[in-house]
Amino acid sequence: KQVFINGQPRKVLITNTNLNQNYDDRKISSLEPLNRGDVVEWNGKKFMIISEVNDERYYKYKAIMRHLPLQIVVNHDCQFIPVDCWIETQNLSVSDGQVIDFEDGKIRIYTQDNEQTQKIKVDDRFILKQQAFKIVGVDRFSRQGELIIICEKDLINSSDDLQNEIAGGLACPITITNPEPINIYQGE
17 KQVFINGQPR
27 KVLITNTNLN
37 QNYDDRKISS
47 LEPLNRGDVV
57 EWNGKKFMII
67 SEVNDERYYK
77 YKAIMRHLPL
87 QIVVNHDCQF
97 IPVDCWIETQ
107 NLSVSDGQVI
117 DFEDGKIRIY
127 TQDNEQTQKI
137 KVDDRFILKQ
147 QAFKIVGVDR
157 FSRQGELIII
167 CEKDLINSSD
177 DLQNEIAGGL
187 ACPITITNPE
197 PINIYQGE
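Numbering (the numbering used here), first residue to last: 17 to 204.
Some clues are possibly wrong.
The calculated lysine-lysine pairs, modelled on DSS-like cross-linking and capped at a C-alpha distance of 27 Å, are [as the list claims (entries may be wrong)]:
(1) Lys-76 x Lys-137
(2) Lys-150 x Lys-78
(3) Lys-150 x Lys-135
(4) Lys-76 x Lys-61
(5) Lys-122 x Lys-62
(6) Lys-137 x Lys-150
(7) Lys-122 x Lys-135
(8) Lys-62 x Lys-43
(9) Lys-145 x Lys-61
(10) Lys-62 x Lys-150
(11) Lys-145 x Lys-62
(12) Lys-78 x Lys-122
(13) Lys-169 x Lys-137
(14) Lys-62 x Lys-27
(15) Lys-169 x Lys-150
(16) Lys-145 x Lys-169
(17) Lys-62 x Lys-76
(18) Lys-17 x Lys-78
(19) Lys-145 x Lys-122
(20) Lys-122 x Lys-150
These are calculated hints, taken from the structure and not from any lab test.
The task is simple: from the sequences and hints, build the whole structure.
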C-alpha cells in the first residue's frame, strides 16, 4: 500500500492485529527502516509506530502502529501546537511488574516526539471536549521517539476559547504585519 511516513511517500505492507485489542493497532512491514514515533498516514487516518524497531526481521522492518484518533491544540506561550495523539485515562495497568494507578482527573497523551512537540512544557494547557487540562509532566526518555505528556484537569478561565477549544486563546496578542492598511471590524 502507498502511505506517507513523516510526510514522505513509501510502499509498505499493512495487516491486522488481534481483534481483542483495545486500540486500532495494525502491523506494518517495510523494506526501509521504521522507527518508534514515525507517523504513518494511511486511508485518511494517522497512525504512530509504537513498537521498538532495532533491525530487519526476514529482510523487512516490522512494527506495530496505533491509530491517532484525536488532535489537541496545546497553548505554549501563545504558540498553538497541534498534537495528533491517543489518550489513556484513569485505569489500572501493569508495567514492568508494577501496578500503576492513574489519579482521578489525570490523563496521559501519547504523540510523536518531534520539533513541534519538543516546545511543549510543564504548565502548558489545552482544552478537550470542553474540559481544560494542564500539563504536569513531559516524558521524552522512556520510549525513544514517543512523547508522553501527563496532564491533570484544570479550571476553565475567562481567556479560554471554548468554542474552538483553544486554552488561553482569547488572551493571546495578535500581530499583523502588512505594508497596506487593513480594516478590521468587530466580530471578525
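How the hints compare with the structure:
For the proposed pair Lys-76 and Lys-137, the alpha carbon gap of about 37 Å is over 27 Å, so the pair is violated. Note on Lys-150 and Lys-78: the hinted pairing is violated, with a Cα-Cα distance of about 36 Å set against a maximum of 27 Å. Among the hinted pairs, Lys-150 with Lys-135 is consistent with the structure: their alpha-carbon atoms are about 15 Å apart, no more than 27 Å. For the hint linking Lys-76 to Lys-61, the alpha-carbon distance of about 23 Å falls within 27 Å, and the restraint holds.
Proximity of Lys-122 to Lys-62 is assessed by CA-CA distance (about 24 Å); at most 27 Å being required, the pair is judged to hold. Distance check on the hinted pair: Lys-137 and Lys-150 sit about 10 Å apart at the alpha-carbon level, within 27 Å; holds. As the CA atoms of Lys-122 and Lys-135 are separated by approximately 21 Å, the hinted pair is consistent with the 27 Å bound. For the hint linking Lys-62 to Lys-43, the alpha-carbon distance of about 14 Å falls within 27 Å, and the restraint holds.
A C-alpha spacing of about 20 Å is found between Lys-145 and Lys-61, which places the hinted pair at or below 27 Å, so the restraint holds. Among the hinted pairs, Lys-62 with Lys-150 is consistent with the structure: their alpha-carbon atoms are about 25 Å apart, no more than 27 Å. The suggested pairing of Lys-145 with Lys-62 holds, with an alpha-carbon distance near 20 Å, which does not exceed 27 Å. Our distance criterion of 27 Å between C-alpha atoms is broken by Lys-78 and Lys-122, whose separation comes to about 33 Å.
Distance check on the hinted pair: Lys-169 and Lys-137 sit about 16 Å apart at the alpha-carbon level, within 27 Å; holds. Between Lys-62 and Lys-27 the CA atoms are separated by roughly 16 Å; this keeps the pair inside 27 Å, and the hint holds. Among the hinted pairs, Lys-169 with Lys-150 is consistent with the structure: their alpha-carbon atoms are about 6 Å apart, no more than 27 Å. At most 27 Å may separate the alpha-carbon atoms for a hinted pair to count; Lys-145 and Lys-169 meet this at roughly 12 Å.
With a C-alpha separation of about 22 Å, the suggested pairing of Lys-62 with Lys-76 holds against the 27 Å cut-off. A threshold of 27 Å between alpha carbons decides the hint, and for Lys-17 with Lys-78 the separation of about 15 Å falls inside it, so the pair holds. Under the criterion of a C-alpha separation no larger than 27 Å, the hint pairing Lys-145 with Lys-122 is consistent with the structure, at around 15 Å. A C-alpha spacing of about 10 Å is found between Lys-122 and Lys-150, which places the hinted pair at or below 27 Å, so the restraint holds.
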